[in-house]
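All chains, full assembly: derive it from the sequences and hints.
Using the numbering used here, you'd call the opening residue of the sequence shown number 253 and step up by one each time.
Since the hints were made in silico from the structure, they are not lab data.
All of these numbers come straight from a predicted model, not from anything done at the bench.
Glycine included, every Cβ here is placed at the ideal spot set by N, Cα and C.
There are no misleading hints in this set.
Using C-beta positions, here's what the derived DEER-type ranges look like:
| no. | residue 1 | residue 2 | range |
| --- | --- | --- | --- |
| 1 | I333 | Q312 | 19 to 27 Å |
| 2 | R280 | E319 | 18 to 26 Å |
| 3 | P395 | S336 | 30 to 38 Å |
| 4 | G326 | A359 | 16 to 24 Å |
| 5 | G286 | D307 | 32 to 40 Å |
| 6 | D318 | D396 | 20 to 28 Å |
| 7 | D307 | P358 | 16 to 24 Å |
| 8 | N379 | F296 | 12 to 20 Å |
| 9 | R280 | P349 | 26 to 34 Å |
| 10 | R311 | P358 | 15 to 23 Å |
| 11 | P363 | E319 | 15 to 23 Å |
| 12 | T289 | V337 | 18 to 26 Å |
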Amino acid sequence: MFKRICCLLLALGMLLLCSCSLFDPQGRVRIVSGKETYKPVTYFQYSLRAGLAADGRLRQPAEVADELDAFVLGEDYEIVIQGSVWNPPEYLLVSLPEGEYVDSGPAFVRPQDPGTYVLRILASWGNDKRNAGYQYFFKFTIPD
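What follows is the structure, encoded as structure tokens:
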């Protein structure tokens, strides 16, 4: 009986993983600054399909800062979000090296103080029946 339950749980887990990977509504997030386009480091946050859910781990900006390549964020920047966004993106900005909270909310405002920053964008893609959330991280500097 125990073996049968374990096999059933394993099969359910595989179905969940497969169903999440078959439907990937993920769009694209980029930052354009000057003539350069910058891609984020991306992490899975969650997926929901027909009542089945899978959760990732919400990462903090300071936690992933060493994985990111910094670029200069000019005043002419644009955050480009392409795809079927299910919920409005959320922005979280921290300064480095302390990882100090600077700002968060439904809009991003370029900081004026010189320094190095990590921006996390949370975006959900899809619709009310099938959707997925991802975390997008950028590291940039504001020059003196």
